[in-house]
Amino acid sequence: AQKVTQVQTEISVVEKEDVTLDCVYETRDTTYYLFWYKQPPSGELVFLIRRNSFDEQNEISGRYSWNFQKSTSSFNFTITASQVVDSAVYFCALCRDSNAGGTSYGKLTFGQGTILTVHP
Amino acid sequence: KAGVTQTPRYLIKTRGQQVTLSCSPISGHRSVSWYQQTPGQGLQFLFEYFSETQRNKGNFPGRFSGRQFSNSRSEMNVSTLELGDSALYLCASSSSHGIAEPRSYEQYFGPGTRLTVT
Chain A
1 AQKVTQVQTE
11 ISVVEKEDVT
21 LDCVYETRDT
31 TYYLFWYKQP
41 PSGELVFLIR
51 RNSFDEQNEI
61 SGRYSWNFQK
71 STSSFNFTIT
81 ASQVVDSAVY
91 FCALCRDSNA
101 GGTSYGKLTF
111 GQGTILTVHP
Chain W
1 KAGVTQTPRY
11 LIKTRGQQVT
21 LSCSPISGHR
31 SVSWYQQTPG
41 QGLQFLFEYF
51 SETQRNKGNF
61 PGRFSGRQFS
71 NSRSEMNVST
81 LELGDSALYL
91 CASSSSHGIA
101 EPRSYEQYFG
111 PGTRLTVT
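Line by line, the protein sequences are chains A and W.
The first sequence lines up with residues 1 to 120 when you count with this note's numbering.
The second sequence lines up with residues 1 to 118 when you count with this note's numbering.
Don't take each hint at face value.
Here are the simulated DSS-like pairs of lysine-lysine, each with C-alpha atoms no more than 27 Å apart in a straight line [stated by the list, open to error]:
{"#": "1", "chain 1": "W", "residue 1": "Lys13", "chain 2": "W", "residue 2": "Lys57"}
{"#": "2", "chain 1": "A", "residue 1": "Lys16", "chain 2": "A", "residue 2": "Lys38"}
{"#": "3", "chain 1": "A", "residue 1": "Lys70", "chain 2": "A", "residue 2": "Lys38"}
{"#": "4", "chain 1": "W", "residue 1": "Lys13", "chain 2": "A", "residue 2": "Lys70"}
{"#": "5", "chain 1": "W", "residue 1": "Lys57", "chain 2": "A", "residue 2": "Lys3"}
{"#": "6", "chain 1": "A", "residue 1": "Lys3", "chain 2": "A", "residue 2": "Lys38"}
So these bits of chain W aren't anywhere near chain A, every CB distance computed over 12 Å [unchecked claim]:
{"#": "7", "residue": "Thr7"}
{"#": "8", "residue": "Thr14"}
{"#": "9", "residue": "Gly62"}
{"#": "10", "residue": "Ser94"}
{"#": "11", "residue": "Tyr105"}
Partial list, computed: chain W residues near chain A (C-beta under 7 Å) [what the hints assert, rightly or not]:
{"#": "12", "residue": "Phe45"}
{"#": "13", "residue": "Glu48"}
{"#": "14", "residue": "Gln54"}
{"#": "15", "residue": "Asn56"}
{"#": "16", "residue": "Phe60"}
{"#": "17", "residue": "Pro61"}
{"#": "18", "residue": "Glu106"}
{"#": "19", "residue": "Tyr108"}
Because the hints were derived from the structure by calculation, they are not lab data.
Quick reminder that beta carbons are idealized off the backbone N, C-alpha and C, glycines included.
Extracted from the complex, chain A is given alone in its bound form (with noise of 0.2 Å):
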C-alpha cells in the first residue's frame, strides 16, 4: 500500500519568508512519481511539479524548489521570498507507474494537505 504524510499541518509565515513543506513517502515500488499540487480557496488543485522517482535532481521554478531524496523517501516543497498569493493548501501525491499493472492507473495518493497562510 502506498501512503503519503505532510509533516506540517499547518504554517503560518510573514510575507518575505522562506518556508519549506514537508512530505514523507511510503511504497513498495521501484518506479513512481511524486507530484505537489496547490488549493486556492476556489478550490481547483492547481499541478505544481511531477517527479520521476529514478530522476533525483533537484528542480527550481521561481520562487519554488524542490527537493527529491529517495534515501529518506522524502519529497520537499521550498517557496522563497513568500508572498500573500501563496496561501493556499498544498498537497503532496504519489502515483505508481502504470506498469506496476492494472491497479495503478489514475489514482493520485494523496497526504492530508497542509494549509500555509501568508501574512501581509
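Dock chain W against chain A, hints included.
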C-alpha cells in the same frame, strides 16, 4: 486550451436522493479520474476511466458509479445519498494512460462540484 469543466458547481440534495455530476476533460485528454474531498478523509480516489472503460476503482460503496462517453466526457452518479456524501467532488483529466502510448501522469483538475446532502 480550455481547462477541465465540471457541472454543476454546487448542489444541494436530500438524503435518499440520487445525483449525477458531469466532467468535461481538457480537449484531447482521454483519461478521467474522480476524487472525493472531505475535511475528515481528505482527497480520496473514486475511479478512473479511459476509452469508456473503468480501469481502476477506489474503496467506495457501490452507490458510487460512473461512466465515460466516446467524447471522453464523464459522469459520476451517487444513489441513495447519505449525509456523509457531502463533499467536494473533483474530476481530473490526463492525456493518456494507454499501454502502448506515451505515458502522462499529470492530472489536471477541474473546479469541483460541491455537494451538500441535508
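Cross-check of the supplied hints:
1. Among the hinted pairs, Lys13 (chain W) with Lys57 (chain W) is consistent with the structure: their alpha-carbon atoms are about 25 Å apart, no more than 27 Å.
2. With a CA separation close to 19 Å, the supplied pair Lys16 (chain A) and Lys38 (chain A) stays within the 27 Å bound.
3. Our distance criterion of 27 Å between C-alpha atoms is met by Lys70 (chain A) and Lys38 (chain A), whose separation comes to about 23 Å.
4. With a C-alpha separation of about 45 Å, the suggested pairing of Lys13 (chain W) with Lys70 (chain A) is violated against the 27 Å cut-off.
5. Using a Cα cut-off of 27 Å, the hinted pair Lys57 (chain W) and Lys3 (chain A) holds, with the two alpha carbons roughly 17 Å apart.
6. Distance restraint check for Lys3 (chain A) and Lys38 (chain A): the Cα-Cα separation of roughly 19 Å lies within the 27 Å cut-off, and the hinted pair is therefore satisfied.
7. The beta carbon of Thr7 (chain W) sits about 14 Å from the closest Cβ of chain A, which is more than 12 Å, so the claim that it is off the interface holds.
8. Separation of Thr14 (chain W) from chain A is adequate, the least Cβ-Cβ distance of about 23 Å exceeding the 12 Å criterion.
9. At roughly 18 Å from the closest C-beta of chain A, the C-beta of Gly62 (chain W) stays outside 12 Å, upholding its exclusion from the interface.
10. The non-interface label for Ser94 (chain W) is inconsistent with chain A: the shortest C-beta to C-beta separation is roughly 7 Å, within 12 Å.
11. Non-interface status of Tyr105 (chain W) relative to chain A is broken: a Cβ of that chain comes within 12 Å, the nearest being about 5 Å off.
12. Restraint check, Phe45 (chain W) versus chain A: the minimum CB separation of about 5 Å is within 7 Å; hint holds.
13. For Glu48 (chain W), the interface hint holds, since its Cβ comes within 7 Å of a Cβ in chain A; the closest pair sits about 3 Å apart.
14. Against a cut-off of 7 Å between C-beta atoms, the interface hint on Gln54 (chain W) is violated, since the closest Cβ of chain A lies about 10 Å away.
15. Hint on Asn56 (chain W) holds. Least Cβ distance to chain A is approximately 5 Å, under the 7 Å limit.
16. Hint status for Phe60 (chain W) relative to chain A: violated, with the closest Cβ pair at about 12 Å, above 7 Å.
17. This hint is violated: Pro61 (chain W) has a C-beta 18 Å from the nearest C-beta of chain A, more than the 7 Å allowed.
18. The beta carbon of Glu106 (chain W) comes within 5 Å of a beta carbon in chain A, closer than 7 Å, and the hint placing it at the interface holds.
19. Against a cut-off of 7 Å between C-beta atoms, the interface hint on Tyr108 (chain W) holds, since the closest Cβ of chain A lies about 6 Å away.
This entry does not satisfy hints 4, 10, 11, 14, 16, 17, going by the numbered hints stated previously.
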